[in-house]
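Going line by line, the protein sequences match chains H and F.
Quick note on the working numbering: the first sequence kicks off at 7 and runs consecutively.
Quick note on the working numbering: the second sequence kicks off at 2 and runs consecutively.
Since the hints were derived computationally from the structure, they do not count as laboratory data.
It cannot be assumed that every hint is accurate.
Now the in silico label distances, taken between C-beta atoms and shown as ranges [claimed, not checked]:
{"#": "1", "chain 1": "H", "residue 1": "Met18", "chain 2": "F", "residue 2": "Arg24", "range": "22 to 32 Å"}
{"#": "2", "chain 1": "H", "residue 1": "Gly36", "chain 2": "F", "residue 2": "Val114", "range": "32 to 42 Å"}
{"#": "3", "chain 1": "H", "residue 1": "His40", "chain 2": "F", "residue 2": "His25", "range": "18 to 28 Å"}
{"#": "4", "chain 1": "F", "residue 1": "Asp138", "chain 2": "H", "residue 2": "Ile81", "range": "27 to 37 Å"}
This structure is a prediction, so every number in the text was calculated from the model and none was measured.
By construction, the Cβ of each residue, glycine as well, lies at the ideal position given by its N, Cα and C atoms.
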Amino acid sequence: MLINYLPILIYMLIAVGLLGVIVLLSELLGKKTHTVQKDIPYECGMDPIGDARSRYTVRFYIIAMFFIVFDIEAIFLYPWGVVFKPLGWFGLVEMGVFIAILAVGLAYVWGKGALEWE
Amino acid sequence: MQIIFFILAGVALVTGGLVVFQRHPLRSALWLIVNFFAVAGIYLLAHAEFIAAIQVIVYAGAIMVLFLFVIMLLNLREPEAEAKFMHLGQKVGGIILAVFTVLLLIYGVMQVVLPPGKAAPPGLGNTESIARLLFTDYLLPFEVTSVLLLVAIVGAVVLAKSKLK
């Protein structure tokens with residue numbers, strides 16, 4: 007039962023291990039010289055303007071909010087897909103209502119221009 | 002089996018502590034991801050594969066993105082300096098409150114008696130059992146969920162609208 011998830015575990019271990027190896031190798035093999043010129047912040051060859059840790063615009067936050075909402079909508083599609091055949095037309099109508107209500111939301115967001123970046 | 006649970010529970014507890022004790026909010030967020038994965042593993046142990054997948058997709062995926070944007074939306078300067086002076090009363094009061102809360106939680110958890118749940122129909126996976134119940138017995142809550150999500154969409158737009166214009 008649980009052994010079925012062994013490939014996922016191995017996959018995760020390889021991903022983490024690869025990261026560790028890359029960081030470790032560059033730490034071991036890389037030259038560590040520090041000069042005044044080398045240690046200044048690098049910004050495409052010009053003198054840096056302002057602080058790198060500037061505040062992000064709220065637009066990112068809105069997009070993330072919409073992402074969560076529609077991600078949860080998509081989550082409900084997975085179990086629906088599993089029992090699609092036994093449910094038949096009933097299930098199709100059911101999911102149709104669900105999607106339609108959320109489509110109203112999408113239309114609202116679109117109409118309000120919240121998806122526009124400017 | 003039990004060993005795996007204790008490892009996962011240990012990871013969840015330790016990373017949960019690390020989330021709280023980091024000075025930098027971004028590091029807290031990164032530890033929280035590890036915590037989410039450990040909890041997903043515990044769900045797997047409880048044969049709740051669907052919940053485990055959701056834990057990774059929604060929490061470690063979508064909600065984490067939101068957390069990161071919120072952290073970056075807030076000012077990300079140097080971590081705030083530790084409060085140099087703390088009143089003795091604050092410390093003692095905090096400790097008493099923490100101990101009391103822990104005792105209350107332990108008492109509450111001990112009181113709970115879970116009724117034996119209905120066994121899943123044989124031959125059906127966890128996702129399939131959930132799906133059957135969700136789309137038949139719990140039809141109305143499922144449809145109401147879409148209204149809830151709609152409210153969340155409208156709320157997000159209204160809240161951010163003043164900033165957008």
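Against the earlier hints, flag every one the structure doesn't satisfy and list their numbers going up. Of the numbered hints given earlier, those the structure breaks are 2 and 4, listed in rising order.
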